[in-house]
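Participant: Please construct the entire structure, taking both the sequences and the accompanying hints into account.
Residues per chain, in single letters:
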Amino acid sequence: MKKGRVWKYGDDINTDVIFPGKYTYSILEPNQMAQHALEDLDPDFAEKVNPGDVIMAGKNFGCGSSREQAAICLKYAGIQAVVAKSFARIFFRNAINQGLPVLQSEEAVENIEDREEIEIDFAKGEIKGSKGIYKFSPFPKSVLGILEAGGLIAYTKKKLEQKKEED
Amino acid sequence: MGKTIIEKIIQAHTDDDAAPRKIVWMGLDVRSARDFGGPNVVKNYEREYSGLPLADKKKTFFTFDLCVPASSLKYADAQQVCRDFAQKHDIKVFDVNKGIGSHVLIEEGLAGANSTVVGTDSHLNILGAVGCFGQGMGDVDIAFAFRTGKTWFEVPETIKVLLKGDFSYPATAKDLTLKVLKELGTKRAALKAVEFYGEAVRELSLSGRITLCSMVTEMAGVIGFIPEFEDSFRKEIEGISKTEFNPVQADEDCHYSEVIEISIDRLAPQVAVPFSPDNVQDISELKGTKIHSGFIGSCTNGRTEDLALAARELNEKKVKEDVMLKVVPATARVYEELLEQGILQALFRAGAIISNPGCGGCAEGHIGLTGEGEVQISTGNRNFEGKQGKGKTYLASPAVVAASCVRGEIASPEDL
Chain F
185 MKKGRVWKYG DDINTDVIFP GKYTYSILEP NQMAQHALED LDPDFAEKVN PGDVIMAGKN
245 FGCGSSREQA AICLKYAGIQ AVVAKSFARI FFRNAINQGL PVLQSEEAVE NIEDREEIEI
305 DFAKGEIKGS KGIYKFSPFP KSVLGILEAG GLIAYTKKKL EQKKEED
Chain A
222 MGKTIIEKII QAHTDDDAAP RKIVWMGLDV RSARDFGGPN VVKNYEREYS GLPLADKKKT
282 FFTFDLCVPA SSLKYADAQQ VCRDFAQKHD IKVFDVNKGI GSHVLIEEGL AGANSTVVGT
342 DSHLNILGAV GCFGQGMGDV DIAFAFRTGK TWFEVPETIK VLLKGDFSYP ATAKDLTLKV
402 LKELGTKRAA LKAVEFYGEA VRELSLSGRI TLCSMVTEMA GVIGFIPEFE DSFRKEIEGI
462 SKTEFNPVQA DEDCHYSEVI EISIDRLAPQ VAVPFSPDNV QDISELKGTK IHSGFIGSCT
522 NGRTEDLALA ARELNEKKVK EDVMLKVVPA TARVYEELLE QGILQALFRA GAIISNPGCG
582 GCAEGHIGLT GEGEVQISTG NRNFEGKQGK GKTYLASPAV VAASCVRGEI ASPEDL
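So the sequences go chain by chain: F and A. Just so we're aligned, residue 185 is where the first sequence starts under this note's numbering, counting upward by one. Just so we're aligned, residue 222 is where the second sequence starts under this note's numbering, counting upward by one.
Treat each hint with caution, since some may be false.
Straight-line C-alpha distance at most 30 Å; calculated DSSO-like pairs for lysine-lysine [what the hints assert, rightly or not]:
#  : chain 1 : residue 1 : chain 2 : residue 2
1  : F       : K325      : A       : K403
2  : F       : K192      : A       : K279
3  : A       : K309      : F       : K343
4  : F       : K192      : F       : K308
5  : F       : K319      : A       : K611
6  : F       : K186      : F       : K319
7  : A       : K403      : F       : K269
8  : A       : K408      : F       : K269
9  : F       : K232      : F       : K187
10 : F       : K192      : A       : K264
11 : F       : K341      : A       : K403
12 : A       : K309      : F       : K341
13 : F       : K308      : F       : K186
14 : A       : K264      : F       : K341
15 : F       : K315      : A       : K264
16 : F       : K342      : A       : K309
17 : A       : K264      : A       : K279
18 : F       : K343      : A       : K403
19 : A       : K229      : F       : K343
20 : F       : K319      : A       : K243
Simulated from the structure, these hints should not be mistaken for lab results.
Facilitator: Written as structure tokens, this is what we have:
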């Protein structure tokens, strides 16, 4: 369980403001991507974010293009999880494939304030804020496997190795 | 209990039980990558699966459409990375001359009814227009699909949208689409499959079906299907794709998580106001808004019928002197049809700038951007801040964009 500070944003945060399209082929290293995370939405973010911080947002977080960089830049900025009322489908997949937990909890988003310090218990499926504890639904087994391995690539490698051993 | 269309298509591609909200491993009939995302797919593949073969080279493609031909060194490099990988693995590239990948996959008969297709284009769910389950994904997903021929997927729930009534010109399929987007917003269809029913959509041709299905992405939906069709549509799609068109239908006793009725009688032209595609108003609210530029094209409105409507409005008229109109046909096939029908000539004579086929004008970076203070009216599908530059973008039909470019302000064809 890790403590983190909340960066809270609104509904429909799109991938153009999470990672600007103009950088997609000029900035290729994940750590450099992190320096431009949320640049057009919150110029303070990249500079002031700390490892373990949490992004909270309303509905449809990550809508827009399929760019994987949107998930990568947040992960490498040190974000431990994104909590939102709902996620756009492609961002949701990309985040899981990158090993970035994406948690759905309307209650947590309603009740937790910007910059509040919170704790997330992934095993119990709980987010602990100053005013209470909020549940999120745990991941199905198959997704949990990908997240625990650290992303889809690591997961595939693990599976392929297991298969080799079986052969 | 019976199954909806998406449940049937996924069930035919998995050994797992394709029940809503279950995550299954799904087989893929086609996996593709564009010049956007493609180089990262290659990078992922070479880093993680170096020396290992593709699952099936005949089912793997590159489609270049975002920045074609490359207008910057970074895109030139990106495309070459894909070409080199393609040559090494002996896979086909639909190169910079072919047009928008999702449309090319339909025209080539690769994205057929009941099949599953993934790629790095977030509007790949356009393929729902031909009964195909198309899905855009990130580059880690696509590299994985290249290698294994499958992907993990949560079977979505399905909602049924029943469109009551019919529309007539100057309302078009785009206005119907924007109206549906206004009603559904980004929440009601979120993460769901959508089946559209009603007389108005049954009569749609391929271009209208593509328009509606493309913007299911902006509704935050997974995929949209238009199950009912006229015989004329079957002839059209079989003629283009050279494959038989027999899409599966939903069972009568299938389960919809919601049934939504939307009345479209007396539908007026609709316009989406910056900076959100679902921020839709009747054109009457916006008439007279000064514009500096117009764009007709994109995967949403770049087919022959779309451009023919624009040409019809511009016939014997001129784009206003201080307005710039950019036109980008969807594909090379569309370009040729437009030439044969004299439509490009008519658009050119009216003062339009005509580009080669592709995603230019909607995606940032090709055939120009909007500058600070510039107001653009576009047939594209997104008007997010920064998407096409620093200007503001309104979304509308090809007919409304054409009329607005004649007047220099947002206008309906009826105003000409």
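Participant: Against this structure, judge whether each hint is valid.
Facilitator: Results of checking the hints against the structure:
Of the supplied pair hints, the one linking K325 of chain F and K403 of chain A is violated, its CA atoms being roughly 36 Å apart against a limit of 30 Å. A threshold of 30 Å between alpha carbons decides the hint, and for K192 of chain F with K279 of chain A the separation of about 46 Å lies outside it, so the pair is violated. Proposed proximity of K309 of chain A and K343 of chain F is supported: the alpha carbons are some 26 Å apart, at most 30 Å. For the given pair, K192 of chain F sits about 23 Å from K308 of chain F by alpha-carbon distance, which is consistent with the 30 Å threshold.
As the CA atoms of K319 of chain F and K611 of chain A are separated by approximately 40 Å, the hinted pair breaks the 30 Å bound. Only pairs whose Cα atoms come within 30 Å are accepted, and K186 of chain F paired with K319 of chain F is accepted, the gap being roughly 16 Å. Pair hint K403 of chain A plus K269 of chain F holds up; C-alpha atoms about 20 Å apart against a cutoff of 30 Å. Straight-line distance between C-alpha atoms of K408 of chain A and K269 of chain F comes to about 10 Å, which keeps the hinted pair within the 30 Å bound.
Between K232 of chain F and K187 of chain F the CA atoms are separated by roughly 16 Å; this keeps the pair inside 30 Å, and the hint holds. For a cut-off of 30 Å, the pair hint linking K192 of chain F to K264 of chain A is broken: about 33 Å separates their Cα positions. About 44 Å separates the Cα atoms of K341 of chain F and K403 of chain A, which puts this hinted pair outside 30 Å; it is violated. Of the supplied pair hints, the one linking K309 of chain A and K341 of chain F holds, its CA atoms being roughly 23 Å apart against a limit of 30 Å.
Distance check on the hinted pair: K308 of chain F and K186 of chain F sit about 13 Å apart at the alpha-carbon level, within 30 Å; holds. For the hint pairing K264 of chain A with K341 of chain F, the CA-to-CA distance comes to about 16 Å; that is within 30 Å, so the pair holds. Straight-line distance between C-alpha atoms of K315 of chain F and K264 of chain A comes to about 45 Å, which puts the hinted pair past the 30 Å bound. The straight-line distance between the Cα atoms of K342 of chain F and K309 of chain A is roughly 26 Å, inside the 30 Å bound, and the hint therefore holds.
In summary, the hint linking K264 of chain A to K279 of chain A is supported, as the alpha carbons are separated by about 21 Å, within the 30 Å threshold. Using a Cα cut-off of 30 Å, the hinted pair K343 of chain F and K403 of chain A is violated, with the two alpha carbons roughly 44 Å apart. The hinted pair formed by K229 of chain A and K343 of chain F meets the criterion: a straight-line CA distance of about 28 Å does not exceed 30 Å. A C-alpha spacing of about 21 Å is found between K319 of chain F and K243 of chain A, which places the hinted pair at or below 30 Å, so the restraint holds.
Checked against the numbered hints listed earlier, the structure breaks hints 1, 2, 5, 10, 11, 15 and 18; every other hint is satisfied.
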